[in-house]
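Asks: Given next are the chains, with one letter for each unit.
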Amino acid sequence: MKTGKMMTSKTMTNKAKTRAAAMVLVLLHGIIVFGGFIAPGEPASQNRDFPFVPPTRLHFVDAQGHFHLRPFVYQSVSRPEGLYEYEESRDQEYPIHLFVEGPKYKIAGLFLSSIHLFGVEAPAQIFLAGSDNYGRDQFSRILYGGRISLGAGLLATGISLSLGLLLGTISGFYGRWVDESVMRIAELFLVLPWLYLLLAVRAFLPLHISPVQTFFLLIAVIGSVGWARPARLVRGVVLSARTRKYVLASRGFGASDSYVLRRHVLPHTYGVLLTQAALLVPQYVIAEVTLSFLGLGLSEPLPSWGNLLANLQQYNVLVSYWWMFAPAMALVVFSLGYLALADAFHKRLQSVTV
Amino acid sequence: MAAEQATKRAARPALVRVHALSKRYVQRRIFSRDKFVVDALKNVDVEIPPDCLTALVGESGSGKSTLASCLAMLETPDSGEIWFEGREISRAAACELESLRPKIQMVFQDSSGALNPRFSAAQIIAEPLEIQRRVSGRKLRQRTCELMEEVGLSADWADRSAHEFSGGQRQRLAIARALALRPTLLILDESLSGLDLVTQAQILNLLAEIRIAHSLTCLLISHDLSLVGQVADHIAVMHKGTIIERDTRQQVFESPRHAHTRELLAATRTIASAFRAERPGSE
Amino acid sequence: MNYLTRRLIHGIMLLIGASILCFLFADFAPGSFFDEIKLNPQISPETVAALRSRYGLDQPMPVRYVRWAKSVFRGEWGYSFAYNAPVRSLLAVRAGNTLLLTGVATFLAWLIAVPWGIWIAAHPGRGIDRLSMGSTSVLLSVPELVLALGLLYLVVRTHALPVGGMVSLRFDQLGRWSKIRDLATHLVIPVTTLVLANLPIILRHVRSSMMEVLKAPFIQAARGHGISKASLLFHYALPAAANPLISLFGFSMGGLLSGSLLVEVVTGWPGLGPLLLEATMSRDLYVVVGVVMSSTLFMILGNLLADAMLLAADPRVRMQ
Ligand SMILES: Nc1ncnc2c1ncn2[C@@H]1O[C@H](COP(=O)(O)OP(=O)(O)O)[C@@H](O)[C@H]1O
Ligand SMILES: [Mg+2]
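Chains as they are written, first to last, in my numbering: chain A, 1 to 354; chain B, 355 to 637; chain C, 638 to 957.
Looking at chain A on its own, in the form it has when it is part of the complex (with noise of 0.2 Å):
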């Protein structure tokens, strides 16, 4: 009686965390679509004379001590005496207006708009994650960036998971020497390890190509490097599902291989690869990341979270400008999200199974 409470009371917190988890990941999914409202401007868009600004600082008191209810920030200008140095020119100050004109961009990269959530009055910028080097905007480049990043992580998954699910379900479906030669290349897969396999993989495949050829060749070759896992899981829930009884059962209706298959073995495949999605996301991006970041995946001037965080690989970048790390921060809350509801999917697959 009293254990059965307990299981009661823990699951319910266990679907609490995994729609708190969700909800949180659409909010930042959200934003990331919604990336071009959002930024104040565009990624490509330099501004040289304002290379490596810190972070726009928002104010609500003036010079004169007078609180504003709307935060406001102050021109930055450089210093004439150092080089990327700057301050903040205390003359006047510019109030961060909301629903702004600005850039043309398309909502969620649909409809023709130039309204952004927020900007100031020129000639104040407002960088809210500083400026890189030739002084484009980072807040809006990691927004940018993050539909590269997260798209290719997305896409890369879709395509690990389908193999996955396609080749454990003739395996676990099948068996026999299909299954035993499947199973054994998985394993060679599994075996080598996962960073190395990418670069060899990517080795062997050109590296002066155009941006788009090189996004989607990068998601094929995350996606088709990390088919292995899903498929050793998949395969694992059909063969148990495929021996139940009411699979023979529904054999001796007359039931076709195509039927069982829909009706009662795919379904029970449903939250394995659910969690292994939530897995493979953060992995994949991570996955971009590193090799934009190694210069083996997308280059400049697109912005992907990896290589901006390429800038860190230059000694003073990283020693001096703090800010250029803003990306990895997206980075560690998007995985946060997504590690998250990995694990609450993987805690309901449990208590499902015992």
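For the record, the hints were derived by calculation from the structure and aren't laboratory data.
The beta-carbon is built from N, C-alpha and C at its ideal position, and this holds for glycine as well.
Incorrect hints may have been included.
What the hints assert, rightly or not - When the alpha-carbon atoms are kept at most 30 Å apart in a straight line, the in silico BS3-like pairs for lysine-lysine are as follows:
hint, chain 1, residue 1, chain 2, residue 2
1, A, 15, A, 347
2, C, 866, C, 852
3, A, 347, B, 457
4, A, 245, A, 17
5, B, 594, A, 245
6, C, 852, A, 15
7, C, 866, A, 17
8, B, 457, B, 594
9, A, 245, B, 493
10, B, 594, B, 389
11, A, 245, A, 347
12, A, 245, B, 457
13, B, 493, A, 347
14, B, 493, B, 457
15, B, 396, B, 457
16, B, 594, B, 396
17, C, 707, A, 347
Claimed, not checked - Among chain C residues calculated to face chain A with C-beta under 7 Å, some are:
hint, residue
18, 790
19, 793
20, 795
For this one, chain A is given, so just place chains B and C with the ligands on it according to the hints.
Replies: Structure of chains B and C with the ligands alone, referenced to chain A:
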């Protein structure tokens, strides 16, 4: 009177005639030469007379389920013949199977494993109809409810999922599902094991009703001779992959021919007398 | 056949499979080292063709594979186009450096994780347990790349440790103890990164397998006999929880090696990672294959070691 009827029925040609049926399971490991061989069926000869309840008994591992699977065309035997309604079915082609399958239906022992836990009662019963494309839409729903009521389940429970039913109710669901295709032969493989005595009796009663209503031939498989001995018209005894005895119930009980049958009978009697001894005054 | 012999044969099969896989990938790929040379106007197409045939690149895949296999048996591991030297001579030093880094990191990570995990498993739900679980779940979502960069930043800002490479420039002039000290200080950043990246997984596994065992009846019985807590945890529970942990040791090699590749590149540790990156950039086919094979070899050796430990810890395994 009953014996007379039984002999009259027996005079008609058998519904199922099994001849020299053999099945061997071989398990081998890859990269290893050791094989693990089980002769589950060895030259089985048996007949199932029509419109009767035939019991197949034998201790566990004697090959009863294997025989049932072969009859239900879920396993292909290595050699031998199975004649059903004048056709040899053990090596039927896929197109023939389609028309044959509905006629021989099976109810499994483990009722929780035999019903998909993700399905509702209605979905479970509708499955064979869906696969065979007999009826669809509103009619399908109506037919499912009819079947539920026929096996003594309220149609109000149609949308409950399988695990919300008790063991006996699940067995009823499995029977309803098997009846959906209006089979000629119904095989119940250990369908009463694992149920309590009252539920066993209820299911046996249900079986008697539907046998008459559908003019069904039943093969009731059990390891427990005392249980099926009371209801079966014919009894076949299986031992180590062969049928060692098949006759009317009376014949088997009164003058068993095989030593192993006598052992089985003796076992049921000792258990029965032990029961009586333990509960004085219960008679 | 003996259990370990079987595992050994299995490992060798995997190695052969991995090498075939590498050659298959290379065969699918459109570009090669000589394509880059072709772009150079000073080298005539004839020279490129001659070079190609000299290195056997005009041969079909199976022929190239057999040639490569022969050169492995000769101890050359193919030929590097870029270095103009047998691959083995390049690999040996680099592989040793990677092994040093990963070996030290593995040792430290387990050394920390096991007692810590046992401790928090024995006191579930307490503050220290919650703190450990919370911090590890955050740490889990920080990629090695970010960890390495962050540590590098801290060190560079504080000037606490030397940065970059494996030893200082004046290493050769140092005495023996100073040499070891120098090496150790250079190890700190890469090792710390790897330990931080791998500690959470190991810690969580130790905790969960210990908690599983502590629930078992024989532990309850031992507790009833009044055995001391430390003895209970380390002499009774830990051996019982060892099997899954030893398996984890085998599995975790892959993550460790991948992490090490990145850390090496970021911190300038002259291991296999920078070599692979360089070879990837210059399409130095046999170096890529050689590095991948070395990493696979490490992985398989790690698994074999785990198998051997499993055998020592649990005689039942012999039956399998
Ligand atoms: N799929 C199978 N693979 C291997 N051996 C099997 C298989 N099914 C049954 N057997 C073996 O065949 C023998 C008969 O089994 P079964 O027909 O299930 O016996 P019963 O139903 O009388 O208990 C047993 O020894 C069993 O182990
Ligand atoms: Mg059986």
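Asks: Evaluate each hint against the coordinates.
Replies: These are the hints, each one checked on the structure:
no.	hint	verdict
1	A/15 - A/347	10 Å, holds
2	C/866 - C/852	15 Å, holds
3	A/347 - B/457	44 Å, violated
4	A/245 - A/17	35 Å, violated
5	B/594 - A/245	24 Å, holds
6	C/852 - A/15	26 Å, holds
7	C/866 - A/17	35 Å, violated
8	B/457 - B/594	28 Å, holds
9	A/245 - B/493	28 Å, holds
10	B/594 - B/389	20 Å, holds
11	A/245 - A/347	27 Å, holds
12	A/245 - B/457	19 Å, holds
13	B/493 - A/347	41 Å, violated
14	B/493 - B/457	21 Å, holds
15	B/396 - B/457	26 Å, holds
16	B/594 - B/396	8 Å, holds
17	C/707 - A/347	50 Å, violated
18	790	6 Å, holds
19	793	5 Å, holds
20	795	11 Å, violated
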